[in-house]
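The whole structure should be built from the sequences, with the hints applied where relevant.
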Amino acid sequence: MRPIEAEQLKKLLDLLKAVRAGNTFYRRKLEAVGGIGSLEEYSRQIPFTRKQELMEDQIQHPPFGTNLTYPLARYSRFSQTSGSTGKPMRWLDTAESWDWMLGNWRRVFDAAGVTREDRIFLAFSFGPFLGFWTAFEAAARVGNLCIPGGGMPSAARLGVILDIGVTVLCSTPTYAIHLAEVAAAEGIDLGRSRVKSLIVAGEPGGSIPATRRRLETVWRGARVWDQHGMTEVGPVSYPCPVREGVLHVMEDAYYAEVIDPASGEAVGGRGELVLTNLGRTGSPLLRYRTGDIVERGQETRCACGTEDMALEGGILGRTDDMVVVRGVNVYPGAVEEILRSAGGVAEYRVKVSERQSLVELSIEVEPETAHHGDEGLAHRLEAALRDALSLRVPVTIAPCGSLPRFEMKARRWVRG
-8 MRPIEAEQLK KLLDLLKAVR AGNTFYRRKL EAVGGIGSLE EYSRQIPFTR KQELMEDQIQ
52 HPPFGTNLTY PLARYSRFSQ TSGSTGKPMR WLDTAESWDW MLGNWRRVFD AAGVTREDRI
112 FLAFSFGPFL GFWTAFEAAA RVGNLCIPGG GMPSAARLGV ILDIGVTVLC STPTYAIHLA
172 EVAAAEGIDL GRSRVKSLIV AGEPGGSIPA TRRRLETVWR GARVWDQHGM TEVGPVSYPC
232 PVREGVLHVM EDAYYAEVID PASGEAVGGR GELVLTNLGR TGSPLLRYRT GDIVERGQET
292 RCACGTEDMA LEGGILGRTD DMVVVRGVNV YPGAVEEILR SAGGVAEYRV KVSERQSLVE
352 LSIEVEPETA HHGDEGLAHR LEAALRDALS LRVPVTIAPC GSLPRFEMKA RRWVRG
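Our numbering puts the first residue of the sequence shown at -8, with every later residue one more than the last.
A hint or two may mislead.
[As the list claims (entries may be wrong)] When the alpha-carbon atoms are kept at most 27 Å apart in a straight line, the in silico BS3-like pairs for lysine-lysine are as follows: (1) Lys42 to Lys2; (2) Lys342 to Lys2; (3) Lys20 to Lys1; (4) Lys8 to Lys42.
If you're looking for bench data, these hints aren't it; they were derived computationally from the structure.
Structure representation (structure tokens):
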């Protein structure tokens, strides 16, 4: 047994004790579970938690569901997923759980070599997505000068980055490339930039070699540092300071497993990442199937000195189909749910296009007969998509009968 495993087991047992005492969601799931004496028994006895379960629980028990270990008055933080697989999930955290996540983000900054002297620009919209806020507050607690970039056009963000002497840029990989393209189009010289580190998240690009090279080229040699997490799980990994494209799971904060997505059995190499958060007691997740495909490293100790689980190549993909638009994971099923729920749609087609390194969606909608000539339909659908996804998706009305029909599996998503 590795030393970390004894610590993980102790934290798991404490977590299970708290969950059994006060968490209605997990109390139901753990009714048939006996005593746990090892990590192997934990993996064998504790059932998986799936996103669909959590979503259904919040629908049945609005607004927050039953995955709360303490009385509601103890929670002070609200976050929300993007709604990429349907209705957004709401997530509450206690002050203790929030502090735990800030500590995890500090691990990310430490691995990226961020010091108190660095000035950090966060190029995010600062909606209810957890990652942006935890990154901002973690840096602020260290004492960094933190600049929020919400509500600013790209050119204005570039102006602040240059004028203030920002040294660390936090964004999605795609947006970091887009900023460089805007700089070129606007005649802004990134050679004056003091940015030395790009901490990227929200997409797998930070661990993809070609994307890393492009980022480091357009940002004049700034180093790319990848990171990943989820609103419902928290900040999970930090970048290996020695091996590019490798993420390390914070094993003192998470019990991580890699399984065959089909069978659910443990595998030693490539598979789906399953996580139990060990410090988010107020809203925990036990054996959560993240949907992330990873390659588990085989070395016991990394060249950087840590024994934390290595994810070779970072997050390699997803178990389900999706399109990443401005850092938001958009699933075909979620779009259909939004359009059908809004009403008035007989058929639709989604166009996926790439413009200046930014993936964009646009939708053609064929109205139902009763809505033919309804000039407000497109605006209502755009509003519904914006509310659910936090994205602007243009909607145009197609003539009746113009969109294809399908006898077999529909192919509504097209690229071009």
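Quick one, are Lys42 and Lys2 close enough, alpha carbons at most 27 Å?
-> OK: Lys42 and Lys2 at ~23 Å, within 27 Å.
Take the C-alpha atoms of Lys20 and Lys1, compute the straight-line distance between them, and say whether it is at most 27 Å.
-> Judged against 27 Å, a Cα distance of about 21 Å means the pair holds.
Compare the distance between the alpha carbons of Lys342 and Lys2 with 27 Å, and conclude whether the hinted pair is satisfied.
-> 47 Å, violated
Are the Cα atoms of Lys8 and Lys42 separated by 27 Å or less?
-> Judged against 27 Å, a Cα distance of about 23 Å means the pair holds.
Violated hints amount to a single one, hint 2; each of the other numbered hints is respected by the structure.
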